[in-house]
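Peer 1: This is what each chain is made of:
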Amino acid sequence: MGRYVIRRLGQMIVVLFGATVVLFCTLFILPGDPVGSLGGDKARDPAVVAELRERYGLNDPLPVQYGNFVKNLAQGDLGEDFTQRRPVTEILQPKLVNTAKLAIAAIIIDIVIGVLAGLIAALFRYSFWDVLITLLTTFAVGFPSFVIGMVLQKFFVVDLGLFPLISDGTLNSMILPAFTLAILDAALVARLMRGTMLEVLRADYVKTAVAKGLPRRTVLLKHVMRNSIIPVVTYLGISFGTLLGGALITEAIFNWDGIGLALVQAVQQQNNPIIIGVVTFGVAVFVLLNLIVDLLYAVLDPRIRLA
Amino acid sequence: MAEPIKKDEAAVDVTAVEAAIERKVDRGEPILQVRNLVKHFPLTQGILFKKQVGAVKAVDGVSFDLHQGETLGIVGESGCGKSTVAKLLMLLETATAGEVFYKGQDITKLSGRALKAVRRNIQMVFQDPYTSLNPRMTVGDIIGEPFDIHPEVAPKGDRRRKVQELLDVVGLNPEYINRYPHQFSGGQRQRIGIARGLALNPEIIICDEPVSALDVSVQAQVINLMGKLQDEFNLSYIFIAHDLSIVRHISDRVGVMYLGKMAEIGTDEQIYEHPTHPYTQALLSAVPVPDPEARANRERIILTGDVPSPANPPSGCSFRTRCWKAQEKCSQEAPVLAVPERFKGQDTPAAHSSACHFAEEKQIVPVH
Amino acid sequence: MTELTKSDAGAGTAQTAAVPAEAEPAIKRITQWGEIRHRFMANRLAVVGLIIVGLLLFAAAFAPLLAPYDPLHQDLANTLASPGGEHLLGTDALGRDQLSRIIYGARIAVIIGLASIFLACLIGVVIGALAGYFGKAIDSVLMRVADVFFAFPLLIGAIVIIIVMGRGVAPVVISLAVFSWPTVSRLLRSSILSVREADYVLAARALGAGTTRIIVRHIIPNSIAAVMAYAAFSVGSAIVAEAALSFLGVGVSPEVAEWGNMLSAGRDFLGVKDYLWVYPSIAIVLTVLGFVFVGDGLRDALDPKLR
Amino acid sequence: MTTSHVTADVPAQRGTDGETPVLEVRDLHVEFKTREGIVKAVNGVNYSVKAGETLAVLGESGSGKSVTAQAIMGILDSPPGRVAKGEILFKGQDILQLPEAERRKLRGPKMAMIFQDALSALNPVFSVGNQLGEMFRVHQGMSKKDAKAKAIELMDRVKIPAARSRVGDYPHQFSGGMRQRIMIAMALALEPDLIIADEPTTALDVTVQAQVMDLLAELQAEYHMGLILITHDLGVVADVADKIAVMYAGRIVEQAPVHELYKRPAHPYTRGLLDSIPRLDQKGQELYAIKGLPPNLLKPPTGCAFSPRCPKAQDICRTELPPLVPVSEQDGTELVGRVSACHFWKEQIHG
Amino acid sequence: GGGNDNKGSDAKGGGVFRMGITEPTAIDPVNAQESEGMVIARALFTQLYDVSVDGKLIPKLAESGTSADGKTWIFKIKSGTKFTNGEVVDAEAFIRGWTRVAAKASASDVSYHMAGIKGYDALKGGKSDKFAGLSAPDANTLKVELDKADFEFDKKTAHAAFSPVPKVAGAGDNKKFNDAPIGNGAFKMKGSWNHNQSISLVRNDDYGLEKAKLDGVEFKILNPANGSQLEYTGFQSGEFDYARMPTPQLPVAKAKFEPQGEWYSADFSGINYLVVFNQNAPFNNPDARKAISYAIDREAIAKSVFQGMQKPATAFLPPSFSAEYQAGVCSTCVKQDKAKAKEFAAKGGLKPGTVVNFGYNTGAGHEEWVQAVAQQLKDVLGVEVKLDGKPFKEALATQQEKKTSGLWRSAWTADYPTADNFLAPLLSTAGIGEDPATGKAQGDNRSRYSNPKFDELLDQARQEKDAAKRAELYKQAEKLAIDTDQAVVPLWQRTQYRLVNTKKFDGIKMDFFEDPTLAEISLKK
Ligand SMILES: Nc1ncnc2c1ncn2[C@@H]1O[C@H](COP(=O)(O)OP(=O)(O)OP(=O)(O)O)[C@@H](O)[C@H]1O
Ligand SMILES: Nc1ncnc2c1ncn2[C@@H]1O[C@H](COP(=O)(O)OP(=O)(O)OP(=O)(O)O)[C@@H](O)[C@H]1O
Ligand SMILES: [Mg+2]
Ligand SMILES: [Mg+2]
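Protein chains in written order, with this note's numbering: chain A, 1 to 307; chain B, 1 to 368; chain C, 1 to 307; chain D, 1 to 351; chain E, 1 to 525.
So here's chain A without its partners, still in its complex pose:
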């Protein structure tokens, strides 16, 4: 595939470099010894601390630590985490899969609900439906996701017993968390869609489409939709990235073993290898996603030339 893709992937390496350098420096200046304590209030045996500092090279100067990281990364090794002392890749791999599953489900919900709602709101601007959708989307933003999630959980799991409380990875157990996760972005997508739709609806080619005698449905779903979807694609590209990293609250509520929670926990415990692993992965995903989004643009809008 073209030079463009290769160049973008090359940029990914630069971004990875940038992000990890910044991250290393940041983690380095954070107060607190990453291996200085146990999970609770208790301090760690200084002998153990010394052993772990030695083992994880924490006594090395920053550039050396970074050099080691890069060397290992090149071999696909992200090191060992500081608490369980298991390989980071092994710890993160299932979490990544879980998070990705959830994020994909959420994106699908975003697209279906968001685009549909935006469409309706734009078509019937200032009508009852428009206002209703505006209200609903506002609620989706104003009510924190933990409230939405826990209310859903209470109702569908405890009261109705429709879904399992503790997810078992099945589609059924994914519905509620995916919905909780999607709801905010679906609202934003709906707004975005409404905005762009209103602009596209006035375009000359929409007139042409009507003049061709196309049914309203075709005019809207084909000619209008395709042109208004581009900002939505941008947004979804971004939000997919954030979904991957930021599903913290949803993951907590539905006990979804994903990287969002892992990251927060790691930050609180200064479990640096996990932080670095998640960020490294996150950067890679972002660059890839943006590449995909940019490629998608070119597909959606043939006028856009990639170079």
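I should point out that these hints are in silico values taken from the structure, not numbers from a laboratory. Be a bit skeptical, because a hint or two may be false.
Unchecked claim - Here are a few chain D residues that sit away from chain B, every Cβ distance over 10 angstroms (derived from the structure): (1) 27; (2) 109; (3) 124; (4) 176; (5) 207; (6) 346.
Unchecked claim - Straight-line Cα separation of at most 20 angstroms, PhoX-like style, residue types lysine-lysine; simulated pairs: (7) A:42 <-> E:254; (8) D:110 <-> A:207; (9) E:378 <-> A:42; (10) D:144 <-> A:222; (11) E:78 <-> E:143; (12) D:91 <-> A:222; (13) E:254 <-> A:154; (14) E:402 <-> E:378; (15) E:211 <-> E:525; (16) E:342 <-> E:378.
Heads up, the beta-carbon is just placed ideally off N, CA and C, and yes, glycines get one too.
Once you have looked at the hints, place chains B, C, D and E with the ligands on chain A.
Peer 2: Same frame as chain A, now just chains B, C, D and E with the ligands:
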């Protein structure tokens, strides 16, 4: 043609440029000299992953002079590079090669303050009235914008009046000052564009099909207006149009372009009454005559086929693929733009630059 | 050069003198803003939004006069009192009056919501505009920087910022802004990509307009719609995000009367003392609603074609 | 490859009298609501086209030509636009009374439109083949493959070289002339009874314009369609039209067969228009231009809308709206197909 | 005391007991540390002793454990028990297990429990790979030599770290064994640890002691951010048989489940207290510290903020240490006394307006009550309290710094039922563990309370063979540090509440480590 001034090798000196463009040029002297202007757009292929496979030779070695106070018309088939020439002159595109001398200064390498100063003196009226007006600005703001950019032209308090005057000048109701472009018809919009171009009282106005969307009565007003302004301020125009009648009406000299090259150039009389290039002849014959009686007794040369792709122009003479006179030589040797051999030294109107191996006079337009 | 005067007018037009010079001042030159204001005020929902936002600002400004109690006053004898009676909206776990806290909370909500989004938009618009307008290397570099910020964990960033600045409103605002500008810049950039090729941009350049002017006057107004939709919404989500930061201990101090704090404190009482999170949520929803209506109204008002 | 031929094909009067017109517009009024007030863009337009006939609509820009066409096609921007009054009879039936679903079915198979600006009128994100084929898929339920074949056929028909390989290209990849031909192909796709061409060649240069107009005329003759040609290029009009309607300020001010109009205009505005034309064969010092500004449609002048600009205006012109009346010879014999809306048409036509 | 009393009801075999835990650090005794890891490690391994919730030693594999001088301990081990892979459990197995924990490479966080055993430092420092203080005179005798006399050493051996391991255990970082330890306990692993998902145990039918009744135990691994909420919800929806609850929900849960006999509460060997940084002003004198303690209305906060679910502490040692517990030993804790608070503040130089930093770690539910305490300090003493919430690691770093001043929220739970495990780490000079290079307090005595007399008393107590006398010495030490010196400010006792499925199971109780006694649970008839 006056010899272009030697290109300044040293780095561009802004003050020198500014001084140079302050200079007044006498009527009839060249104010703009275009030498071998080339613009190639990289051509890419593939739907998703494009790679450069060649270049669109939009402008491929165009030279001409524009004299102070004259109007140079440029005509030619769609896509032959007229607009690109205009954009190159306006420095809206960077030339692949060639120079543009404005009052002796090569302006193709300018930037910053010097460029701004040059732009104050060279203005452009755009081809497409639909896309060349910012949909979110009122007409007042659009026409007033030049004054915002060049505040020295009009004092702040004076601007509104000037804007209304300009509207009046181009035949728009000054009451429309608060309207938005979409509230106007195509012709009305084009007038807004002209008003904007006139605002700075430039020395040169490059008009890229400025009246093509106007109805004849307004067109006449605008053309008359342009003529008047020219007389009064010694304006020089480059007037790009597809309407040969209008071009003839307004131009002192006319250049005919074909596929990025100048096919023929001469005074309006030379071109219209004594065309020697077959393309010019075809062009003239295709002009619809607003007289139904003429339908019967006109000879029309209807060219078949499309303009060849500028990415892949024919060898030799680029017109040969559509030319009824084409011969072997045409495919092998590119004709140069010069007075054809056979007319050289003759004192006939046919003795003007024409890029054809077989240039020959043919009268298309009846002389009255 | 001589000024262009009446006498210069076209041969055909001058004589008509459609508008005598004396009459000219009669045509009021409506400024663009005046126009926008007019259109805005003609939009009912926008006005409703404006009223809500106005009320919010009013509450923020006159909180001491409006609030029935001191929002910090603890009454341990009267904790978790249900709404009604002396405390219209009940009291929290420390016996503080909810209504007063919500009223005071408006102050910080306004500051956090508006300031963080303003800052994010400021950074995002500048960077997005530069990236979109200049394209090529600048675009690549800026967008990759954005990628780094996307992938960089907010929590770590927030902690670092707090270490530098201490806990408080300013670090929260900065944390939120620093990590949400990439969305803005991405959204803007993608719209700009299509706008920058427009002829009116060329026309402005031909007039000698500088880059700044072109971006500010021509490109941004024609591509800002998506950003505005996002911004209006994000005012609310910023407040909610603050709740998450509070919960993780990097937000504003917990005693501060602030909606995010209230939410994070009310979270544990879900299903038990629901009023603890319901009222702050409603405050956020109303705020979001207000800003969304205003944002929509503004967007529509800014688009002359929509009338 | 190249042909040089002398054409002498004078289009015959194709209209056949007596037959019901394909389209008849009666007293059409269209208004736009704007902030400043109601813009009366069309104020009682009457015209008709028969099968195989070409009606050219001339007029100043902003005079309501496009709006009338849009009203006929039912693609007015509404709101703010709306048809305030009038009838649009398609083969005798008032289509304004039809439900939207019925009306939709007319668009495409029965009437089609070619837009002024082909680039913005074509959807930028779909290939031209897709947009052409859509006509067949939607109206005839054709399969994708067949529709594509049809699209290629159409592109061939409008003489787009290498149609087969370009069917998947996007509008921005075509030249202006080609785009316009694609618009024409799209309009012709279902061989409608009526085509409205709104300045189809304005953006094209002469040689291409000649090609396009020839093509249009040829196809029109072949399918025996009614054609409404909106333009202000009087040269084009002279070449192809059968009759001409001249619009001013939302009204028809004169209508006449093409030869007659050029010879003897019966309205001062038409006269002015003809005089404004620059001629290829003469280089005048100054063109004639109609004085003054086009009327503000928000507050049209009382009486004849042209009166403020008319060199021959009398008091009555400023107070009384001139009706559209048949024009006759000096001796009273009726001039078939000629009408004028001038109080002083007699003076105008007979000197 | 327990809420459910199922004594006498006939147990029935079978049943799977389901409960939620958070992801443990380890389940291998080599590094099992928190309650989550310990519950599994202790189900998989049986040590010399077990401990009841009230701190009583229950012999398991130990037939006897004796020491004459407190320095040399002889443990007789029950013969004939086996690991689930068939290896015998003998003295060597214990030596193997303990050595594995203390080995340098294991870098175990629980090895410090063995710090008193001879040869520990050499082993830990990597200078030796033998645990010099451990020997096996015969297969069933384990001889332990300590550096210093410690008459309570046997109580330490109840900790999971002191488990025997089979030969296959290998080194401490044997990943296979880490994830699926082979033990000698009442239960054994079913499959291996499904990280972040679940851990399943089944009954060990070859168990050498009294066999478990349950068929198995299912641990669902829940996330720490929402664990107790999930457990509570899961209990209500029938997915768990045992659950914690979020603190704010306790009163409602109690009201609902207590009448059904599903409510369980127990006091544990723990304390919630305020670290008062002794080394820096304004709390570098006892009077200022006492002023703080007097100013706090523990009762009011317990009633309001904790909705009656916490009990005020009047001593530092918890009541579960029945021999050492002295109610009211902290005289400043008994009742809020504003007058005395002011008086002591004046004496101690704690002037109104003094800035008092009050730190706490965030995200752990402390936000509410620290505000209440802060408010009381402000109201009573007129000091300016600056609340300083920090994420856990940063909080720790701040606490350890020498220059830190003011107050800090803290809590402690005992590792084994000895008063020493409270007093020594938290209050002794050795407990400070100041790093000479950085001045950081590496130990748990972050208050940096240091009184030679106190250290002396602890030393004496450890060497005292007589339990009653020993208790007396510990009492004196506590009184000195808490009452006289007010080294720290005790706040609340540690009380825990659980929901237990008594409809289905009998015999659910909690052990000293705050975990259910899995081996004793049985399906209800
Ligand atoms: N930015 C560009 N990239 C690639 N090709 C371009 C670009 N701009 C113009 N071209 C190509 O350059 C050639 C000349 O274009 P130009 O717009 O100058 O023609 P023109 O003579 O003005 O035609 P028209 O009469 O239709 O306006 C065309 O083939 C066009 O496709
Ligand atoms: N959406 C609208 N809102 C307000 N006025 C409008 C709108 N659309 C058209 N008009 C007005 O209606 C009148 C007729 O416009 P129309 O487009 O029909 O002119 P036209 O005759 O086609 O002109 P041209 O030859 O320039 O295309 C114009 O005065 C125009 O300003
Ligand atoms: Mg052009
Ligand atoms: Mg029109």
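Peer 1: Kindly indicate which numbered hints from before are broken by the structure, ordering the numbers from low to high.
Peer 2: 4, 5, 7, 9, 12 and 14
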